[in-house]
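Asker: So the sequence lines, in the order shown, correspond to chains S, P and C. As numbered in the working numbering, residues -6 to 299 make up the first sequence, in order. As numbered in the working numbering, residues -6 to 299 make up the second sequence, in order. As numbered in the working numbering, residues -6 to 299 make up the third sequence, in order.
Just so you know, these hints were derived from the structure itself, not from any lab. In this text, all values refer to a predicted model and were calculated from it rather than measured experimentally. Warning: the hint list may mix true and false statements.
Each pair may be met inside one copy or between any two copies, as identical chains are not told apart.
[Claimed, not checked] The calculated DMTMM-like cross-link candidates involving lysine to aspartate or glutamate, where the alpha carbons are at most 25 Å apart (straight line), are:
no., residue 1, residue 2
1, LYS77, GLU102
2, LYS77, GLU230
3, LYS27, ASP13
4, LYS77, GLU44
5, LYS(-3), GLU23
6, LYS77, GLU267
7, LYS139, ASP213
8, LYS174, ASP241
9, LYS250, ASP191
10, LYS233, GLU79
11, LYS196, ASP241
12, LYS196, GLU140
13, LYS27, GLU17
14, LYS249, ASP269
15, LYS77, ASP269
16, LYS202, ASP191
17, LYS77, ASP262
18, LYS239, GLU79
19, LYS222, GLU201
20, LYS222, GLU79
Here is what each chain is made of, one letter per residue.
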Amino acid sequence: MEFKRRDIISIKDFTRKEIDYILETAETMEPLAKTSSNILHGKMLATLFFEPSTRTRLSFEAAMHKLGGSAIGFAEPGMASVKKGENLADTIRVVENYADIIALRHPLEGAARLAAEFAQIPIINAGSGAEEHPTQALLDLYTILKEKDQIDGLNIALTGDLRYGRTVHSLAYALSLYDVKLHLISPELLQMRREVLDTVKAKIQVVEKKGLDGILSEIDVLYMTRIQKERFADMAEYAKVKGAYKIDCNVLNNVKKDLVIMHPLPRIDEIANEVDATPHARYFQQVWNGIVMRMALLALIMGATG
Amino acid sequence: MEFKRRDIISIKDFTRKEIDYILETAETMEPLAKTSSNILHGKMLATLFFEPSTRTRLSFEAAMHKLGGSAIGFAEPGMASVKKGENLADTIRVVENYADIIALRHPLEGAARLAAEFAQIPIINAGSGAEEHPTQALLDLYTILKEKDQIDGLNIALTGDLRYGRTVHSLAYALSLYDVKLHLISPELLQMRREVLDTVKAKIQVVEKKGLDGILSEIDVLYMTRIQKERFADMAEYAKVKGAYKIDCNVLNNVKKDLVIMHPLPRIDEIANEVDATPHARYFQQVWNGIVMRMALLALIMGATG
Amino acid sequence: MEFKRRDIISIKDFTRKEIDYILETAETMEPLAKTSSNILHGKMLATLFFEPSTRTRLSFEAAMHKLGGSAIGFAEPGMASVKKGENLADTIRVVENYADIIALRHPLEGAARLAAEFAQIPIINAGSGAEEHPTQALLDLYTILKEKDQIDGLNIALTGDLRYGRTVHSLAYALSLYDVKLHLISPELLQMRREVLDTVKAKIQVVEKKGLDGILSEIDVLYMTRIQKERFADMAEYAKVKGAYKIDCNVLNNVKKDLVIMHPLPRIDEIANEVDATPHARYFQQVWNGIVMRMALLALIMGATG
Chain S
-6 MEFKRRDIIS IKDFTRKEID YILETAETME PLAKTSSNIL HGKMLATLFF EPSTRTRLSF
54 EAAMHKLGGS AIGFAEPGMA SVKKGENLAD TIRVVENYAD IIALRHPLEG AARLAAEFAQ
114 IPIINAGSGA EEHPTQALLD LYTILKEKDQ IDGLNIALTG DLRYGRTVHS LAYALSLYDV
174 KLHLISPELL QMRREVLDTV KAKIQVVEKK GLDGILSEID VLYMTRIQKE RFADMAEYAK
234 VKGAYKIDCN VLNNVKKDLV IMHPLPRIDE IANEVDATPH ARYFQQVWNG IVMRMALLAL
294 IMGATG
Chain P
-6 MEFKRRDIIS IKDFTRKEID YILETAETME PLAKTSSNIL HGKMLATLFF EPSTRTRLSF
54 EAAMHKLGGS AIGFAEPGMA SVKKGENLAD TIRVVENYAD IIALRHPLEG AARLAAEFAQ
114 IPIINAGSGA EEHPTQALLD LYTILKEKDQ IDGLNIALTG DLRYGRTVHS LAYALSLYDV
174 KLHLISPELL QMRREVLDTV KAKIQVVEKK GLDGILSEID VLYMTRIQKE RFADMAEYAK
234 VKGAYKIDCN VLNNVKKDLV IMHPLPRIDE IANEVDATPH ARYFQQVWNG IVMRMALLAL
294 IMGATG
Chain C
-6 MEFKRRDIIS IKDFTRKEID YILETAETME PLAKTSSNIL HGKMLATLFF EPSTRTRLSF
54 EAAMHKLGGS AIGFAEPGMA SVKKGENLAD TIRVVENYAD IIALRHPLEG AARLAAEFAQ
114 IPIINAGSGA EEHPTQALLD LYTILKEKDQ IDGLNIALTG DLRYGRTVHS LAYALSLYDV
174 KLHLISPELL QMRREVLDTV KAKIQVVEKK GLDGILSEID VLYMTRIQKE RFADMAEYAK
234 VKGAYKIDCN VLNNVKKDLV IMHPLPRIDE IANEVDATPH ARYFQQVWNG IVMRMALLAL
294 IMGATG
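Bound-form chain S, shown alone:
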C-alpha cells in the first residue's frame, strides 16, 4: 500500500483496507509517542491555520516533534499576505517552499482540496469548513479499535450537532466502511446532512432518533458533540435541546458495563464533570490517540515507516 506523498483530504478518499493499514501503523507509533524518535529528522511541517484551533495545531506540532522533525506555521485568523489579498493557491505555492508537508485548517469547504491541487508537497486537511476533519475521524476510529479490539459489530451513537460538526461527518463516512449499526441522535434542527446520510445509509444500518431515551442500553460507543447556542434562533428551543443531550452519572445507570463515551472536545456541559471519573470516559484518551494517529499519518506520507 502506497501512502508516500499522498494527500489526506477526505476520509472518502480511503478504502477500508487503507484505513485498517493506517490504524495498524498508529499502533506501531505508540512506543515512539511515549519517548521520541528521529525518523523525520530534518523534515518540516507547516501548520497553516486560517481558523483558530489551538489543540489541533498543537497536536500536529507535537506529533512532528516526537518524530524528530520541526514545525513552523501561523495561527492568526488571517496570514498577513492573505489580508493583503493573496489567494490560497498563491499562499500554498509560497509555503511549500518552506516545508515538506502542510497541515491546513480553513473555514471554507473545499479549501484543502484546492490546496492539494496546487501544492507539490502533501496536504493534510486539518479541518475545512463544516465539511470534513479526516484526521479526527481516524483518531476516533483508532480509539474505538483500542477500546473494543474491533470496530465491526458495534452499536455506535453519534449525538448532538450532526449538521455543522465536521468531525461527525468524517466519522460517519469512516464508520460506514465497517459493519456497525449507527445511531444518529440529534434535535431536528441539527440532523445529519442529507448527503452524508445518503452515502452512509447505502452501506450500513442507520437509525435516526431525536433523543437518547430507550437506546442507551444497547450502545457500545457513545460519541458526544457540542451543541452551539449560535445555531438556534429561539433560545427556549436551545435550552430544551441542551438539557436533553446532557450526560451525567444518572443517565449512565442503565448502560453497558463497557460503554465507551467519546467527545472531540472542547465540551461545554454536555458531559458532566462527574462522568470523567467513570470507566466510560475516553475523551482525554482520544487526545493522546490524536498524537499517535498524526504521527502515523506524517510518517506514512513522508515514506518513513517500516
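Based on these hints, arrange chains P and C on the given structure of chain S.
Answerer: This is chains P and C only, laid out in the frame that chain S set:
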C-alpha cells in the same frame, strides 16, 4: 532532595534548603546556557500563556531549547477552545497529552494550583494573577547571589508597586527565608499586601517607608518596579508618585559603591537610561539569569540533573 | 572577507565584492536547503516581528531549522512589554539574552539600525518601514544570477510602486553595483524616491517611464510590485493605473524568449494567473531562493561556513 515531577506553584512551597539547592543547580547550568546541551532531548515543554508575556514565554522556550528539548504553545489572549467555553481543567487534561511539562501564565490567582491538581505532568507557574511569580523570584535570588556571593546579611529594598506586582510578592516570601533586612518603599496606595507583609515580618526585619530619601546609602540591592498609571484615580497623585520613585545618576551620588540595581522589566522611566552604563545596573543580567534559572528548574523537574 | 557577527541593516553597507561573496555562499547552501544540516546546531534565532509578515518570518525560521538551529519569536503587532511602554533598545537588550541572532521587522525606518547599535549580537533587518529590505534584495539578486548566469549587461525593469515599496529601494541600490540598465516604470504618484534615484543614477544608466509600452521587448528581467489602493485619493486614478500595470499572456506576446518575471509577493492581480504556467514566471522560485539566501546569511554571520 527530590525535585523530579514536582510542580513549581508558589515560592512558599519551598524550604530554604531546597531553594539553595535550586540556586546551586542554576550555577551548574551556566556553561550549558552559553552553548547548548541534549539533556532534555525528545522532551516537550508546552507554554500556555492565557495572558500576554512575550519575554517570560521566550525565556522558557529558550531555556528548553538550550537543554535540547522542544516547545509548543500559544500566546493568544484566549486559546480557541477556551473561547468556546472550555474550562482550565479540561484544557490542562488535553495539553498534558502533548507535552512533558507545562509552563502556565494565567490572569487569575489560583489558576496554577488548580492546573497542578488536574495535571499528571508537572506545572510551572509562569505568573498567576497579582499573586505569585515564583520563577522570577528564583532568578532574582540567583542574581543577588551571583552579584553578592551571599544573600544573608544584605539590606534589600523593594521599591514601587508592592501591591499589584506579583514579582515582589514572590520575592519578599523568598527573601524571608534569608537573614536580610527588607526595606519596602512604596506610595501608600501601593503598599505591600497585608498577607505578604504579615508572613514576611514574622521571619525577618522589615522597614516600610514612602520614599527612598535617607536610606539609599545603606542599601545593597535596590529592586525597582514599574508604577502603572492605571492604579491611580488621581493623575496629579500619579505624577507626584512617579517622580519620587525615579532613579537617575543624581540619585546615585550617595550610594554604596557596590549597590546593585535590579528590575523585572519592562521599565518605563523609573530608571533613567543614563543608569544603564553605571556598574550598578544589573537588570539586563537578570534576563540572562532567568534563562539559566529556568534551565535549572526544567532539568530538576525532569530529573535530568547530575 | 569577514561576515562573522556582522549586522545586515542596509544593502548600502555592502560592497559589490561582499555581495558577490554572499551570492556564492548561497549557491553552496542549495544542497543543504534540499535536505538539512547541523551547522547551526544549538544556535537560536529570535524573530521579532513588530509588523506582521508571515512569509518573511517563516522563511527565516525555515532557514534556521534547515541549518539545524532553533527559532523563537513573536509575530504580534506589539510585544506585550512594548504595549506596556518599553522602548526598542530595552526590548533588544532583553531578547539578545535569549538568542544568538535577531531578525527584526519594524514599521519604523531606522529601527534596525538602532537595534544594531544596542545589541551585542548580530541584527538582520527583515524590513524596516518603507526604507529597506536587504535580505529580499539579496534573494532577488540571487534569483537573477541563477536565471541569467550573470547580472552585468542586463536590462532590468522595476515596475509598480517604487515610492513606498522597501523591496525595490533595496534592490535598486543593489543593482547599482552592477553594470545594468535600470528601467523604472511607475505612475507619477508612485515614482522612485528621490534619494534612491540620485544614488542609483550616479552609478548606472537609469530610464524612468510611466508605462511598459514599447520597452518590454528589450527587457531581460521584469520585476513587478503590488500597487496598493490605499495610496490613491482618487479611485478613478487608481483604476486607470492598476489596469496599465497588469501583466497577462497578451502583454507577453512581444517579449524576449528568456524574459524573467519576478515579484516579491503577495500579488493581487498585477500578474494574471495564466502567466504562472509560462516559462517567464519565477516568482515562486524566488521564495525558494529566499530560504537559500537566508541560510547563507545566517551561516555567514554565525561564522559557520567553510
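Asker: The structure should be examined with respect to each hint, and the outcome stated for every one.
Answerer: Do the hints match the structure? See the list:
1. Both within a single protomer and between protomers do LYS77 and GLU102 lie at most 25 Å apart by alpha-carbon distance, with minima of 22 Å and 21 Å respectively.
2. Taking identical chains as interchangeable, the C-alpha atoms of LYS77 and GLU230 lie at most 25 Å apart only when they sit on different chains, with a minimum of 20 Å there against 41 Å within one chain.
3. Taking identical chains as interchangeable, the C-alpha atoms of LYS27 and ASP13 lie at most 25 Å apart only when both belong to the same chain, with a minimum of 22 Å there against 33 Å between chains.
4. Taking identical chains as interchangeable, the C-alpha atoms of LYS77 and GLU44 lie at most 25 Å apart whether they share a chain (17 Å) or sit on different chains (13 Å).
5. For a Cα distance limit of 25 Å, the shortest separation of LYS(-3) from GLU23 qualifies both inside one copy, at 21 Å, and across copies, at 24 Å.
6. When the C-alpha separation of LYS77 and GLU267 is checked against a cutoff of 25 Å, the pair qualifies only between copies, where the shortest distance is 21 Å, while the shortest distance within a copy is 48 Å.
7. Taking the shortest alpha-carbon separations for LYS139 and ASP213, only the intra-copy value of 13 Å comes in at or below 25 Å, while the best inter-copy value is 62 Å.
8. Proximity of LYS174 and ASP241 under a CA criterion of 25 Å is satisfied intra-copy only: 24 Å inside one chain copy versus 56 Å between copies.
9. Taking CA atoms no more than 25 Å apart as the test, LYS250 paired with ASP191 passes in neither setting, with 32 Å inside one copy and 54 Å between copies.
10. In this assembly of identical chains, the alpha carbons of LYS233 and GLU79 lie at most 25 Å apart only when taken from different copies (21 Å versus 44 Å within one copy).
11. In this assembly of identical chains, LYS196 and ASP241 lie within 25 Å of each other by CA distance neither inside one copy nor across copies; the values are 33 Å within and 49 Å between.
12. Taking the shortest alpha-carbon separations for LYS196 and GLU140, only the intra-copy value of 24 Å comes in at or below 25 Å, while the best inter-copy value is 55 Å.
13. In this homomeric assembly, LYS27 and GLU17 come within 25 Å of each other (Cα to Cα) only inside a single copy, at 17 Å, whereas the closest approach across copies is 31 Å.
14. When the C-alpha separation of LYS249 and ASP269 is checked against a cutoff of 25 Å, the pair qualifies only within one copy, where the shortest distance is 17 Å, while the shortest distance between copies is 60 Å.
15. For a Cα distance limit of 25 Å, the shortest separation of LYS77 from ASP269 across copies, 20 Å, qualifies, whereas the shortest one inside one copy, 46 Å, does not.
16. Proximity of LYS202 and ASP191 under a CA criterion of 25 Å is satisfied intra-copy only: 16 Å inside one chain copy versus 62 Å between copies.
17. When the C-alpha separation of LYS77 and ASP262 is checked against a cutoff of 25 Å, the pair qualifies only between copies, where the shortest distance is 11 Å, while the shortest distance within a copy is 40 Å.
18. Within a single copy, LYS239 and GLU79 get their C-alpha atoms only as close as 43 Å, which misses the 25 Å cut-off; across copies the closest is 16 Å, which meets it.
19. In this assembly of identical chains, LYS222 and GLU201 lie within 25 Å of each other by CA distance solely inside one copy; the values are 22 Å within and 53 Å between copies.
20. Taking the closest pair of Cα atoms, LYS222 and GLU79 come within 25 Å of each other only across two copies (14 Å); inside a single copy the shortest separation is 33 Å, beyond that limit.
In this structure, the earlier hints numbered 9, 11 are contradicted, and the remaining ones agree with it.
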